[in-house]
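Single-letter residue listing:
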Amino acid sequence: MNTEIKNALIMVREAEKLVDEARQDPDLTEKQRNNLQTIYALLLDIDDQLVLQDLQQGIDKLKQDSNRLATLANKIPQEVERWKKVAEAVQIAAKGVGTLADILAKALSAGLLGIPAEFRARRSRKGTQRKRC
Amino acid sequence: MGRKSGVSLPLTAVWLAITLLSGCAVLTPSQVKEVGRFAQATAGYGALPGSVISMYGEVAEENRLLAVTGYTFRPGDETADQALQDMKSARQRHREFTAAAKQADEALEILNIYASALTILTSDDFTASLDESATAVGKSLDKAITAYNESYDKKFSFIGSAAAQVVRGAGGIYLRYKQTVLLKEYVEHADPLIETLTKDVEDLIRDRVSPNLKDLLARVEREFINSANHHARLDLGTVVRINQIFYRLEGAEGLAGAAVSSAKRYREAHRALKETLGKKQDLKGVIEQITVLADEVKAARKLKKKFE
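From first to last, the protein sequence lines stand for chains F and X.
Under numbering that gives the first Met the number 0, the first residue of the first sequence is numbered 0, with each subsequent residue one higher.
Under numbering that gives the first Met the number 0, the first residue of the second sequence is numbered 0, with each subsequent residue one higher.
Mixed in with the good hints there might be a few duds.
[Stated by the list, open to error] Below, in silico cross-link-like pairs of lysine-lysine (DSS-like), each with a Cα-Cα straight-line distance of 27 Å or less:
#, chain 1, residue 1, chain 2, residue 2
1, F, 83, X, 183
2, F, 83, X, 177
3, F, 5, F, 16
4, X, 32, F, 74
Everything labelled a hint here was simulated from the structure, so no lab data went into it.
Chain F on its own, in the form it takes in the complex:
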C-alpha cells in the first residue's frame, strides 16, 4: 500500500471512530447530531476515495504487467495462422498428386498412354527376365 495513502487512511479512520463516538452522545441536539452525521458521511466518502486511489495504483501495475503477457500471447495466433498455411499447402500439394494420379489412371485405362502392341509384347517378354516387383 502506498505510504501516503496508508497514513491518510489511518487519520481518516481515527476521525471516523471519534465522530462515531461523538454522535452517540444522548445529550446532543437534533441539529448537532445531524451535523455529526454529515461529517461522518463525508469521512466515509474520503475513506472510499482513498481505498479507490490505492486500488487504482495496484490495478495500474496489473495492467502494465498484463500488457507484457498480452504481447507474447498475441503472437501465438499469428504463428498458428502460419501453420495453417503450411497445412493448407501440404493439402493442396497432396490433392494435386491425387488429381494427377487420377488423370494418369483414366488415361491408361482409356489407352491414351498405351504403347504399340508389338512393343508391349516385346517389353512383356523382356520384363519376365528382369521382374523385380
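Use these hints to put chain X onto chain F, whose structure you have.
Leaving out everything else, chain X in the frame of chain F:
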C-alpha cells in the same frame, strides 16, 4: 528401372526427413493433455480479484446508505438534501469500485487468453486435417498403379498406403515438431511474466483489499450500533438486510483468500509445466500441480457464484 528409382528417391527423401525430424522432440499426447488441463483449470481465475473489489464496493455503498438512516428529518430543513447528497456520492463510489473491478478483470483476462492460446498451440486439428487428403492421394495412386498394371501387364505393388503415410507423416511430424518448439518457447518466455502478474494479484489483494475489508467490517458494525441506538428498535427487515451485508463481507474475505492462494497455485502449475516441457521428465509433478490449481480455482469459483 528408371521409374522405380524415380519413386524411391522422393520416398527415401521424405522418410529421411521424417527420421531426422523424429529425432527432435515432438509433442507427446500426455503433454498435450496437460496443457489442455492447465487451460481448463485456469479458466475463470482472472475474474476472482475483480469480484472481491466489486463486493467491497457493494458493501461500502450499503454501509453508507445505512449511515443515512442516522439522520433525523424535519420538514423545511436541509437534512433530506444532505441525505440525497450522501446517497449520490455513495452511488458514485460504487460505480468507481465497479469500474476498478472491471479493469482488474480485463487485465487478468489475459491469463485466460494465454491459456486458450496454449490449447490452440497444442491442437491436433492441423495434423488431423492432413488425414483426409493423404488417404485420397493413396487411393488415387493405387488406382493409377492398377491401371498401369492392367495396361502393361505388370504386377507393381500398391504404394498408395505407404504414400499416404508419407504425406500424413511428413506433414504431421513437421507440424508437431513446430508445435513443440513454439510451445516450449512461449511457456518459457511467459513464465517470468506469469510470475510477476500473479504476484501483482497477491499484492493487490493482500495489501490493498484485505486490510480494508477488515476496516469495512468495523464500519458496518459501527453503523449497525448507531442505527440501533438512533431508532431505539429495529425491524426484522433491517436486521436481515444488515446480516446480509455481513454475509457478503465474509464472502469477500473468503474470496480474497482464494484469489491469493489460486495466484500462488497458478504460478506453481505454470512453472511445473515449463519444467516438464523443457526436461522431458515424467508428468507426475505437473499433474499434481495442475490438480491442486484446478481444485483451488474450482472452490473459489463456487464461492464467487454463491455471492452473485
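Now the hints, each set against the structure:
Only pairs whose Cα atoms come within 27 Å are accepted, and residue 83 of chain F paired with residue 183 of chain X is accepted, the gap being roughly 19 Å. With a C-alpha separation of about 12 Å, the suggested pairing of residue 83 of chain F with residue 177 of chain X holds against the 27 Å cut-off. Proposed proximity of residue 5 of chain F and residue 16 of chain F is supported: the alpha carbons are some 17 Å apart, at most 27 Å. Among the hinted pairs, residue 32 of chain X with residue 74 of chain F is consistent with the structure: their alpha-carbon atoms are about 22 Å apart, no more than 27 Å.
Of the numbered hints stated above, none is contradicted by the structure.
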